[in-house]
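Here the protein sequences line up with chains A and B, keeping their order. Counting in full-length UniProt numbering, the first sequence runs without a single skipped number right up to 327 at its last residue. Counting in full-length UniProt numbering, the second sequence runs without a single skipped number right up to 154 at its last residue.
Rather than coming from a laboratory, the hints here were simulated on the basis of the structure. One thing to keep in mind: the hints can contain errors.
Claimed, not checked - 20 Å max Cα-Cα, derived SDA-like pairs, lysine to any residue:
| id | chain 1 | residue 1 | chain 2 | residue 2 |
| --- | --- | --- | --- | --- |
| 1 | A | LYS138 | B | SER97 |
| 2 | B | LYS112 | A | THR303 |
| 3 | B | LYS112 | A | TYR198 |
| 4 | B | LYS112 | A | ILE101 |
| 5 | B | LYS112 | A | ARG11 |
Unchecked claim - Restraint ranges, calculated between C-beta atoms of paired labels, are given here:
| id | chain 1 | residue 1 | chain 2 | residue 2 | range |
| --- | --- | --- | --- | --- | --- |
| 6 | A | CYS23 | B | GLU14 | 36 to 46 Å |
| 7 | B | ALA101 | A | LEU282 | 43 to 53 Å |
| 8 | A | LEU230 | B | ALA46 | 32 to 42 Å |
| 9 | A | LEU76 | B | PHE120 | 23 to 33 Å |
Even for Gly, the Cβ is constructed at its ideal location relative to N, Cα and C.
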Amino acid sequence: MTRYTAVMVQRKWEIFPGRNRFCLNGRLMTGRDIGLVSFTGSLIVVCCCLFIAFDGVYLSHKLSIAVPIIGAILFLFTLTCLLRTTFTDPGIIPRATASEIAYLERMFIVDPTNGDGPTAYRPPPRVKEITVNGVPVKLKYCYSCKIFRPPRASHCSFCDNCVENFDHHCPWVGNCVGKRNYRYFFHFCLSVSVLCIYILGFSITNLVLIQTVIIFLTRRTVFNGIVSFLALWSVVGLSGFHSYLIYNGQTTNEQASFCIKGSWAARRGEATSNPYSHGSALENFLAVSCGPFPPSLIDVRGTVGPEDEEALALHKRATAMPYQVGL
Amino acid sequence: MLTNRAVVERDYSEGITCRFEKSFPVALRGKIDETTFLETINHINAIFAKAEALNFRAYLLGCLSCLTAYSSLLCFRTHYEKCLQDVANYIDEQNSSIYEARGLKIINPMEKGLRVVSFFLMFTFANHVLSSFLIFKFTFALYLKDVTSFTLAN
Numbered sequence: 001m002t003r004y005t006a007v008m009v010q011r012k013w014e015i016f017p018g019r020n021r022f023c024l025n026g027r028l029m030t031g032r033d034i035g036l037v038s039f040t041g042s043l044i045v046v047c048c049c050l051f052i053a054f055d056g057v058y059l060s061h062k063l064s065i066a067v068p069i070i071g072a073i074l075f076l077f078t079l080t081c082l083l084r085t086t087f088t089d090p091g092i093i094p095r096a097t098a099s100e101i102a103y104l105e106r107m108f109i110v111d112p113t114n115g116d117g118p119t120a121y122r123p124p125p126r127v128k129e130i131t132v133n134g135v136p137v138k139l140k141y142c143y144s145c146k147i148f149r150p151p152r153a154s155h156c157s158f159c160d161n162c163v164e165n166f167d168h169h170c171p172w173v174g175n176c177v178g179k180r181n182y183r184y185f186f187h188f189c190l191s192v193s194v195l196c197i198y199i200l201g202f203s204i205t206n207l208v209l210i211q212t213v214i215i216f217l218t219r220r221t222v223f224n225g226i227v228s229f230l231a232l233w234s235v236v237g238l239s240g241f242h243s244y245l246i247y248n249g250q251t252t253n254e255q256a257s258f259c260i261k262g263s264w265a266a267r268r269g270e271a272t273s274n275p276y277s278h279g280s281a282l283e284n285f286l287a288v289s290c291g292p293f294p295p296s297l298i299d300v301r302g303t304v305g306p307e308d309e310e311a312l313a314l315h316k317r318a319t320a321m322p323y324q325v326g327l
Numbered sequence: 001m002l003t004n005r006a007v008v009e010r011d012y013s014e015g016i017t018c019r020f021e022k023s024f025p026v027a028l029r030g031k032i033d034e035t036t037f038l039e040t041i042n043h044i045n046a047i048f049a050k051a052e053a054l055n056f057r058a059y060l061l062g063c064l065s066c067l068t069a070y071s072s073l074l075c076f077r078t079h080y081e082k083c084l085q086d087v088a089n090y091i092d093e094q095n096s097s098i099y100e101a102r103g104l105k106i107i108n109p110m111e112k113g114l115r116v117v118s119f120f121l122m123f124t125f126a127n128h129v130l131s132s133f134l135i136f137k138f139t140f141a142l143y144l145k146d147v148t149s150f151t152l153a154n
């Protein structure tokens, strides 16, 4: 690719430092492994198509035309949410630019008389203390991205990016779940739960109405019923868990670290509340499912300029010769 | 080596919505007055506050896009994108009307991933004199092996 840079425009996604896949010239992006998400997607598509084409048609004669139509609407909504979660930038924070690295390095020049050798730089302090809504919060320095991570952000080890409001890296949707796609992920969880209950319910109804034990005639219905029954437990559990998190205004990442470190209150030994909660459970729910749509901070469709190449070289150099930690 | 930009960082004291600090950077001292700087930062903060506001309008737009299975996002620009355009327009206008005449240029925070608003000190004659002076001072400080105190003081 680099051989043709003189004639072809090189886009930023081509030199993107994280481990992501890009499709359609950077218009869509996703995580590295798409094996499980293909499985998830094809399972949903196959089950729903079988349901609508066979059970749905039968039930539309026996019960109502609404059965396959509602099923189809649910199916389309679930599929859209899945595709949105998978192919949306989760809120990746761009790595430090060349000037920002230079600025940070300059701020932490070590006195050469200390005898630290020729590398007269020390790494920036590992944490920066700030307060968010009156609650003390530590911002950690990310050695990969060369930035102080904003509150709630975390570095995804699968994708090698810092992600805003990092929730978790979900292999079933093949992407990180963060600020920009948590809404789609939550809606996917909810809609796939409803879809499972719907398919299971109408599969059983179908079997009751047919009143036959010939497995050859009912094999598709039985297959649908078994798949949705098996999936039901995990997706309903997941929806419940995320509803609980939204009720509290937390992310999975924070919840997981609280299991180790204790809650907001226990951490400091004083009565503090979650500084990121919007107040009530209803407001948290509305903010997650109907709030504003934050923009993508990585300009992956932009043209590569000299500063981007410089930054990439600086990041590569830093990876090859990591700073001595704990000087 | 030399400071050729002043940086205004994010202010998280009132939550993680996009707000920038209102403390006047040392590097801008003598170039613009503090009220002009505060006016610019407050205006940028106000646009971001409008973009991220959780009000009835935001919820209505969110609900509508959800009901259309997010297909409306493919057709229309979001409220946030319009606000980002406002920020870009405001910065351009401020640059041409106030800052460029004083050898400064505001860099759009979107270029730095909404981490900082940076003020680029352009290479004017006054800056040239100042940077020559700083190079001299820095070299001299190195000579005196007093670099740490120099960098901390600046």
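Each hint tested on the structure:
Taken as a hint, the LYS138 (chain A) and SER97 (chain B) pair is broken in the structure, with Cα atoms around 39 Å apart against an allowance of 20 Å. Our distance criterion of 20 Å between C-alpha atoms is met by LYS112 (chain B) and THR303 (chain A), whose separation comes to about 15 Å. Annotation: proposed proximity of LYS112 (chain B) to TYR198 (chain A) is violated, straight-line Cα distance about 46 Å (limit 20 Å). Straight-line distance between C-alpha atoms of LYS112 (chain B) and ILE101 (chain A) comes to about 12 Å, which keeps the hinted pair within the 20 Å bound.
Of the supplied pair hints, the one linking LYS112 (chain B) and ARG11 (chain A) holds, its CA atoms being roughly 17 Å apart against a limit of 20 Å. The given range of 36 to 46 Å is respected by CYS23 (chain A) and GLU14 (chain B), whose C-beta atoms sit roughly 38 Å from each other. Separation of ALA101 (chain B) from LEU282 (chain A) is about 50 Å and conforms to the stated range, judged on CB atoms against 43 to 53 Å. Between LEU230 (chain A) and ALA46 (chain B), the C-beta spacing of about 52 Å breaks the proposed range 32 to 42 Å.
Remark: the range hint 23 to 33 Å for LEU76 (chain A) to PHE120 (chain B) is contradicted by a beta-carbon distance near 48 Å.
Hint compliance for this structure: hints 1, 3, 8, 9 are not met, and every other hint is.
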